[in-house]
Each structure stands twice: as C-alpha cells, then as structure tokens.
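Undergrad: Each protein sequence line maps, in turn, to chains A and B. Each residue of the first sequence is one higher than the last, beginning at 1 in our numbering. Each residue of the second sequence is one higher than the last, beginning at 1 in our numbering.
Read the hints as simulated data drawn from the structure, not as lab findings.
Identical copies go unnamed one by one, so any copy, or any two together, can satisfy a pair.
With a Cα cut of at most 27 Å, we get these calculated BS3-like pairs of lysine-lysine:
| hint | residue 1 | residue 2 |
| --- | --- | --- |
| 1 | K71 | K115 |
| 2 | K165 | K71 |
| 3 | K15 | K224 |
| 4 | K177 | K18 |
| 5 | K115 | K33 |
| 6 | K249 | K209 |
| 7 | K224 | K19 |
| 8 | K252 | K205 |
| 9 | K69 | K240 |
| 10 | K194 | K243 |
| 11 | K165 | K224 |
| 12 | K165 | K69 |
| 13 | K224 | K194 |
| 14 | K209 | K252 |
| 15 | K246 | K202 |
| 16 | K205 | K266 |
| 17 | K224 | K18 |
Remember, predicted model here, so these are calculated numbers, not experimental data.
Protein chains: 2
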Amino acid sequence: MQILTLGPSGTYSEKAAKKWVQKNNPKTEIKLKSSPDEVINQINQNTLGLLPIENSIQGTVLQTIDLLKQKNVKIMDETIIKINHCLIGHSTKNIEVIVSHPQALAQCRNYISNKFPNIETRTTGSTAHAAKLTTEFKNMAAIAPAETAKKYNLKILEKNIQDVKQNQTRFFTLATKDSKPTGNDKTTLIFSVKQQPGTLHKALKPFAKRQINLTKLESRPSRKQLGDYYFIIDFEGHRKQPKIQKAIKELKKHTELIKILGSYPKAQNKNQNTK
Amino acid sequence: MQILTLGPSGTYSEKAAKKWVQKNNPKTEIKLKSSPDEVINQINQNTLGLLPIENSIQGTVLQTIDLLKQKNVKIMDETIIKINHCLIGHSTKNIEVIVSHPQALAQCRNYISNKFPNIETRTTGSTAHAAKLTTEFKNMAAIAPAETAKKYNLKILEKNIQDVKQNQTRFFTLATKDSKPTGNDKTTLIFSVKQQPGTLHKALKPFAKRQINLTKLESRPSRKQLGDYYFIIDFEGHRKQPKIQKAIKELKKHTELIKILGSYPKAQNKNQNTK
Chain A
1 MQILTLGPSG
11 TYSEKAAKKW
21 VQKNNPKTEI
31 KLKSSPDEVI
41 NQINQNTLGL
51 LPIENSIQGT
61 VLQTIDLLKQ
71 KNVKIMDETI
81 IKINHCLIGH
91 STKNIEVIVS
101 HPQALAQCRN
111 YISNKFPNIE
121 TRTTGSTAHA
131 AKLTTEFKNM
141 AAIAPAETAK
151 KYNLKILEKN
161 IQDVKQNQTR
171 FFTLATKDSK
181 PTGNDKTTLI
191 FSVKQQPGTL
201 HKALKPFAKR
211 QINLTKLESR
221 PSRKQLGDYY
231 FIIDFEGHRK
241 QPKIQKAIKE
251 LKKHTELIKI
261 LGSYPKAQNK
271 NQNTK
Chain B
1 MQILTLGPSG
11 TYSEKAAKKW
21 VQKNNPKTEI
31 KLKSSPDEVI
41 NQINQNTLGL
51 LPIENSIQGT
61 VLQTIDLLKQ
71 KNVKIMDETI
81 IKINHCLIGH
91 STKNIEVIVS
101 HPQALAQCRN
111 YISNKFPNIE
121 TRTTGSTAHA
131 AKLTTEFKNM
141 AAIAPAETAK
151 KYNLKILEKN
161 IQDVKQNQTR
171 FFTLATKDSK
181 PTGNDKTTLI
191 FSVKQQPGTL
201 HKALKPFAKR
211 QINLTKLESR
221 PSRKQLGDYY
231 FIIDFEGHRK
241 QPKIQKAIKE
251 LKKHTELIKI
261 LGSYPKAQNK
271 NQNTK
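Bound-form chain A, shown alone:
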C-alpha cells in the first residue's frame, strides 16, 4: 500500500500523511508528488491520496474541492494538524523578498504588513519549495514549518507568525471507496440548488428536522457567473444510516447537482463545532 501527497519533503501535507500512516497502517509508503492533479489521477486499489481541504483561517482549498467535484474518488478519512508557520532564512537583516505558498502568505498577511511593510512577496508551489529557494538568495526569507529550517540548513528567524495563533489544516485521505460505518462518522457532500427563492432554506430542512449536526457549510462560486453558487456540507453520520439516507433522499428534491464525496470516521478535534 502507498499514499501519495504533495511534496517536496517538508510540506505540511507530508506531515499529515505521516500522522495518518502512523495511526492507520505504519507499512504504508509515502510518495511525494508535485500537484494535486497528479495525486488524484494515480489513486487506485493499492494507492491512496492525501490532500489539504480546509484551513481554519483561509477556508476551503478551492483547488482540492474543484478536483473532488470533477474526479471519481471518495473521502475515506480526515486528519487535522496544527499549523505553526515560521519565518526562516539567513538573517533578519536585509530581507527584501518573502516567499511561500499563497495560503501561508495569506495566513501571515498581518505579520508581513506590520513587520515588513514594503516587502515583495512571491509565491511558490509549497512551503518546502520556498525554503529550498531561500537557500539560493541571501536577501530572501521563507514562511515554512520549523522542521524545514533544519532540512535546508536555514535559521528559524521567528516562530508562530500566523495572524491567528489557533491555526489548523484539515486533510482528506482519498481512495476508490469511502469507509465503513464506525458509529462515529462524518459525511461530505456537495450540491447546488435550483434558482428559486428559499431553495437553500428548503435544502437544509431535511438535516435540521432530524437534528443532524452540520459541522461545515461553505458556498463556492460555480465559476459560471456572479450569484451562482454550489455548497459543500459536512454532517455527522454515515451515508448508510437510515436517518442519513432519508435526509439525502429529501435533499435531492431541491438540488440540481448532488455528489456524495464519502463517509469516514470523525477525527478527534476538541475545537470543532456544529451548526
């Protein structure tokens, strides 16, 4: 068995994959790929994938949700890890450029504009790439996990620099099938509603009236036109439970598009809420 995730070595994705492997199947080999497309396209019966889906500051990772909407893979598990961004580089003096993944730059936006008001920022494909690039330029610093500094022989210039200290990212383990019911599961689905007043309200009713906890509701533009959205919801329960099956059946009366992305065991996270 192998699990594919985003490289190079040192990314938060690799960290999440290590956490998943340790907990579930220590013999699984982690392989690092360069894009989410590559990860998803190579999933088969012996190959899993792991991708970031949501960050507590920036919200849904649009690229992952777009791929899940298009491709035929299922969510079989979730893993949550803490994010501690560090500024790493050569010296705090003479920094002219800060590089990192766009999500990491966005999560440290206030820090950057307060400490380095006129600095140039550049994006890289991953936080590990940013660290690697920084080794080549004396005037550069990277935003990356602490471990990366050691790996690339750079100094940790400042720790925990994200704007909101409580910063977590959630990852999905992806496979050809989702998971069997464990008694403590979650289900993720995406849907769009017909364009009539009150349809979203109607779409939520099957869950509200059965006291099914929505742990996430996000809307995303459909990429067609302003005012056209689809919704991503997570709720407690497994798609094979009769209560959940009834709710989904009722939801279908109000949706244009609906895709069940999978049911999977709920991750331990004492900070998670319900809506």
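Fit chain B to the known structure of chain A by using the hints.
TA: Frame of chain A, contents of chain B only:
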C-alpha cells in the same frame, strides 16, 4: 467630492471607479491608494471609497469583507465590470516568470499550467504593478487588463486568457451612510449563528417565508477555529422597507453577531440569479 480606490493607474478598480463616476457624478475626483486599509480609513463625508468585493470565479475578496466586518463604513452602491485578462510583455519567447495579482493568477490557473507548465509565478499588489515590473525584465510577462499594455509600452501577447470566459468582478462604493430606497435595492449583511444544530436553517427562514430573494450567500471561516463560520448574505429589498425590517428582527433571534453593511440600488446585471 472624491473617491478613493486601489492604484496604480490601470487597475480594474480604477476602471470600476471611472464607470461609477461617469454614471453618478462626473465631477468626482478619483484618487489612487496603495491598500484597501488606506481606502477605508480615509472615508468621510466628502470622500467615498471603492473596493472589489466578489469575483465570479474566485468568490468573495476576503480582505474586503474582513475590513467591512471591522470598520464603520456603509455600502452605498455596487458596480459590476467585465474582466478580460491579457498576457502582456515583451515576446511570447523566453518567458520565465509570470507576475500578477493573486486573484488574477488564480483566475488564469488552467491557462498558465497548460501553456507554461513549469513557469515560476510571482504575486504583486495589483495587475498594474505587475505590468510596471514587467517593463524591467525581458524574461517576465504580466497578467493585466489590455489597457495596461499601452500604458506601459508592452505588447498584448494573448487576450481573454481567464479560465472561465464569463468573468465579472463586483465592486462596492463605500461611504459614511448607505443609500435611500429607490424601489429596486439590495441589502448586504453579515451574521454568525449560535452553535446548535439547525440554526442556519432557522436563520434563513425569515427570508424564505417572505419570499425575499437571496442573491448571495457565502460562508467565511471566522478565523477562530475549523468549523466556525460567519455568513455574508445579499438580498433584494431595502433595510427601511417594513417587510425587510421584520425579517431582520426575526433573524436576530438566531444570530450571535449581526451587522447590516448597507442598502443600495441594485446594479444592472442580466446574468445575476436568485437563491
């Protein structure tokens, strides 16, 4: 009267400000600022602001909505403009770096990865900055509006390169007060709901039962923890209409936080839908 928006000269924000000024008050002077904070902090009785709020591909501009949540300004109008991104530069040969605003890069993600699979992308504060920077490097190209090419003496290398051809951005005109009822208005508000099952469903009921059209519903992470959201809704009607006042009063029973960002005349946009 003056209106502040994001510069330098050649940004889509300047284009939207020109459209607004032409339609409403041709004597208004347009002044270009370098950040959304600067625009919002200088709004007073004689000074308006104009900022992008939403793009049909990328969704809500997080930085603008965060500022509207924090600061004491009101939405008094909306303006919608078409976005036509172009690749501009020196020559299609030898391009090693593509620069632009992060939103523009995101809107051309497929174009870039198909045409320039291994290219480095860098972010700039605006599309106009990207064009300006490109004048200095022969191996660089920028994603920017067509007008910018002429302004900075660069060539248009390819037109209309955004991944979804129908691409619009919506801007808010901001002031110390919102607008008076015109009979064809919209209202924007943000709210968060108490953390109990079914609360979002209950929060939408006051609108659904009165057949009030929601033209937008988006959720954003509260920036506190995973699973904690607030919602941004736009609906048809003015906050001074009795029907709207009743709906908002009822909504308040289910919200933790609620802030009415303003009522304003509805922009002409034949592509806009209702939910």
